[in-house]
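Novice: Okay, here's what each chain looks like letter by letter:
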Amino acid sequence: MSRRYQEAITVTLQGERLTSFTWRGNTYRIRVIANWRLAARWWSAEHAANRHYYRVMTADCQVFEVYHDQVSGAWILDTCLD
Amino acid sequence: MGDFCELHCHTPFSFRHAGSSITALVERAKALKMTALAITDTMTVAGVVRFHQACHRAGIRPVTGCELLVSHACFAAGRQAQTGTIIALARNREGYARLCELLTQANLSTPKRSVIPLSELAARRDGLVLMLGGCDGAIQKLLVAGNLMAARALLDHYIARLGTGDLFLDVRHNLLPESALLLTQSAHLADEAGISCVATNGVHYATPHDYRVYDTLSCVRLGLRVFEPHRERPRNAEQYLKSDDELRPLFATLPQALDHAGSVAAVCRLDLLAARCVPPRVALPPGETPTSYLRRLCEAKLPTRYSPEEKSAAAARQQLEHELSVIATLRLEEFFLAVWDIVRKGHELGIRCAGRGSAANSIVAYLLGITAVEPLAHHLLFERFLNVERAGMPDIDVDVQSSRREELIRYVEATYSPEHAAMVANVVTYRLRLATRDIAKALGFPLALVGRLTGHLPTFGRCADVERYAEDLRQALGSEAPQWESHLRLLLELVPRLEGFPRHLSLHNGGLLLTREPLTHNMAVRLSANGVRAVELDKDDVGALGLIKFDLLGLRAFDSIEYCLDLIEETEGKRPQVDDLPLEPPDTATMRMVRAGQTLACFQLESPAQWSLLARTQPRTFGDLVVEVALCRPGPIQAGMVHPYIGRRAGRIPVRYAHPRLEPILRDTLGVVLYQEQVLEIAHEVAGLSYGEADGFRRAMSHYRTQSEMEGMRDRFVAGAVRQGIARGVAERIFDELACFTGYGFCRSHAASFAKTTYITAYLKAHWPAHYLAGFLSAQGGFFPASVIVEEAKHLGIPTFPVDVQASKPFFSVARVHGEREMPWGIRLGLVQVKGVGEELATAIVREREAHGEFCSLADFCTRLTRTTGLSTALRREAVAALVAAGAFDAFGIPRRRLAWLFEERWALWSTSRPVRSRKSARAGAARDARSASEDIPVQPALPWVWDDERAADAPLLPPLTLEDEVRLDLATQGISVRPHPLTFLRARLNQVGVAPIGRLKALKAGQKVMVAGKVISSQRPPTAHSVGFLVLEDEKGRVQVVLPPKLAETLYRVLAVSRVLLVGGRIERVGREHVTLLAYRVRALPAGHLPADQRLAEHPPEKREAHPQRDNGIALRPIVAAGKGR
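Chains A and B are the protein sequences, given in the same order. When we follow the working numbering, the leftmost residue of the first sequence carries the number 1, and every step to the right adds one. When we follow the working numbering, the leftmost residue of the second sequence carries the number 83, and every step to the right adds one.
Be aware that a few hints might be false.
To be verified - To give a feel for the contact side, a few chain A residues facing chain B, derived at Cβ under 10 Å:
hint	residue
1	N35
2	W36
3	R37
4	A39
5	R41
6	A45
7	N50
8	R51
9	Y53
Unchecked claim - If you want the ones that stay clear, here's a sample from chain A, every Cβ over 12 Å from chain B, calculated:
hint	residue
10	R4
11	Y5
12	Q6
13	E7
14	A8
15	T10
16	V11
17	Q14
18	T19
19	T27
20	Y28
21	D60
22	C61
23	Q62
24	G73
25	I76
Worth flagging that the hints you see were computed from the coordinates, not collected in a lab. Every residue gets a Cβ at the ideal spot worked out from N, C-alpha and C, and that includes glycine.
Whenever a hint applies, use it, and build me the whole structure from the sequences.
Specialist: Structure (structure tokens):
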């Protein structure tokens, strides 16, 4: 089962590499296991999405999907995968 | 910096599969420092020529290829994956030819959805680099489905068929969730199979910015709206042209794939663009070379065209030698021979054809019979057509009799074999309306709104100009505008970006491509929508490849001439030799008719603008006719050349030349620069340029864009002239005169060719008016509707006869009028004139009548027709009903209403029963019929009611049709009427309110106010006329041109929406001695506005029916019967 959160997070980057993020007060050290881009709903001002997704794994093997919103620059935790 | 080159790149020629133009893609590749870029459109090479040209301009190397759809019967791959895409890149010329062959074969064998079998690809793979579609292909599909085994089996299948040489697996990382995994798996597969991977990015647009265009066009292609998901739509904006640097990180595990792309690009070397033209190979008699044969043909004709005693013979010989040497230098002998062969065959088959355009400048073309105008006497300048410095393709357009053009095209195709001949395509690009329509639909506008949006746009607008119509579009949406505002903004953003995008291929109007090498060496052949074999390239592309297209253009004026000559031959037994008429001096009667402005139906002289021009210029010689044809064009009118010429012609302006050297050049146009040849000669004589340079100068003048270019040309011209000893001021004045000419001018040779046709039509009209007008009507051409021509016949006193099943031919024919008359021939309407009667049925009727005698009754007609035609019963019923309504059976002497009633009652019976009488007795019956013209002939006693129309005692008594009814029916069923003009019926009322007949205007003085009524037969607002409108009104006595000031012209469409019959108040303007026009100050629709007292007029305006003939297409007989019953 996976769960969607859609909550803002803060991240730390080493160069372009994503190394950790902080969510609800906890910091997770992570490595990226996949990444992809999504561009959708460009025709709608409110719902347009232009995101770079990262599937990341924490040291204790939890897997999250976070994305970087290319328009607003925000980092969002999208999904927690089991 | 690596040397990655993109090898998978779609251009707009993939048709709605790409978001950036070819230029944008090539320039982006250049900016990314790629050394080469590939074009790989889906199943087509239509864009390669433009792609090569763009690459040349940008200075990068084009790689030519195609994305092939391949079917591979591979059991292991499973049922779902039986077709996949393979990218094929041409290593060299042979590879490209193979590629074109493959595409051609697929296009011709399965035109709907062309697919190439793997076996065919295997058989023709030499010279091709293949990339197996690890990206969009079947292997990837299997990998995505997780079926690694099947993917491996399919790869083995491919390798077994195609070998491993020049075989690659293309891999891609488009930043999709599955990309990384697929990359790893593909690398493994390739490794196992022993082939290399090549990196591509599957490009569909140049920059991420164009992603929206691509996605929208994908929706258009798939018939979706943007918010509807589909697996073939892109999921992100990553398929743009990426540089080596950008791709390296993505291919971190497989960097060699990027390097392979560079090395594949390096081996694909192919240059398609040609330096010079190659004419097709022409079959020659044994022992002849093209050069000797061309010379022999010309020399054989020389003495017949220029008799040796005359002075011109020496000049002609000299000119011939000169032209032959130029042709030999350019190696174009076979080009001339090919055109000669086409025209020769045309003449042999009795198909009228003639060269037009600059080719008529050539004595070779004249001697070969390609053109009809003698070049020396008419000062035609060969250098305008060909000169040694001109590298471009020469152009000979041949006008062919419209109705028989197909025959000639079939002959040419058969002569050169289908491998060497096909029609040229026309690339249809997105125009404003179409782009708006497609994109609005994709953006989710409801269909009703889409219709409203496009309705507010001009028909021929450019996509780039859509912003100009933003307010119109908002208005079109009306109250719904606020709700759609965001979508409208998207629309305004996307539409201009489709500017220049090809939307589909259609056929060029008459361009036939003949090649020396098989067509497939250069391009793919396909079937057009209507099944014609055509290449995928348009005329410019073909020219860039050094191939020559031959234009065979349909010309209806030739149909008119031929039909007329046929009719004369039929009645007189011999055909007048109109082609050999002496031109100087021209025939007196013909020129008198032209000067009187009676030029309706004469080629190029029939427009209202020409009437007043003729009245002013009063042409006397053939040369004057050439001027006439050249003058009445948008170009000369815009350049203001018409008035100076008319002024000089009338003697109001003195004829002066800026320099004595201009006199010989401009003498016959009275000092006005009118023809392109004159520009050429002035540049040669005054500025001392060679003819090649002068022609370059002329073309530069025609296309000049910027002020600075113009200044450069002025300096060159003036400097040259000064060297020739001409004063600087004079040279500048001459240049200014030429500059105002800028390309609007006409080629004298073209005008002369047209003028010859003009002269022939005028000659025929002057001497055989009935025959000519009948031929003209059959040809269905011309500026005005057929009804105007019929009125013209009536004005000329030519008797006209209605359509009649006993006498009419399928088309218009002439009928002898007995007795002492000025006009011994009349015009008989043809059967096909009746709406609903096709040529097939009309021919069947005439054939039946000629074989078995005249029809003796409607019943006889119906039963005999049932037997002889293959038409379906429903169609036949409709056609016969239309014939009844049109009065084609009036010769039987039964009132039309009664006949209509009978037809309705009896058709079921007549259409199923077989004729009872033997053919012999039918013939006897017909003979009796002809004598007595009555229906009461002895009939089969067994079935009397089947045969006897009149004895149907149960037919109700219906009132006969009035003359007005008959006219109304004529117009409704045929669009024309031989009976009185509709205005005749209003004349009494019009006289009461003081409306003058048009025929009386000639007697009035200039400036006099007058009111006329008439039917609008033409209405124009030419863009050159500064929003002035022009109308032509016709009544039973004549025609008059009405000039509408801008204010009236503006609102005219509203008046015309009410009625096509107008009441016009205006002032008389006199042009020349005879001609009268009317300057309108008031325009009203009739009868709605003016004659309210006449109730019947208001109820049944006879003109209104004609105004909307399309509404009367299916003539129902019941209303006619019912109307009769009601009275």
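Novice: May I ask which of the numbered hints given earlier this structure violates, with the numbers listed in increasing order?
Specialist: Failing hints: none at all.
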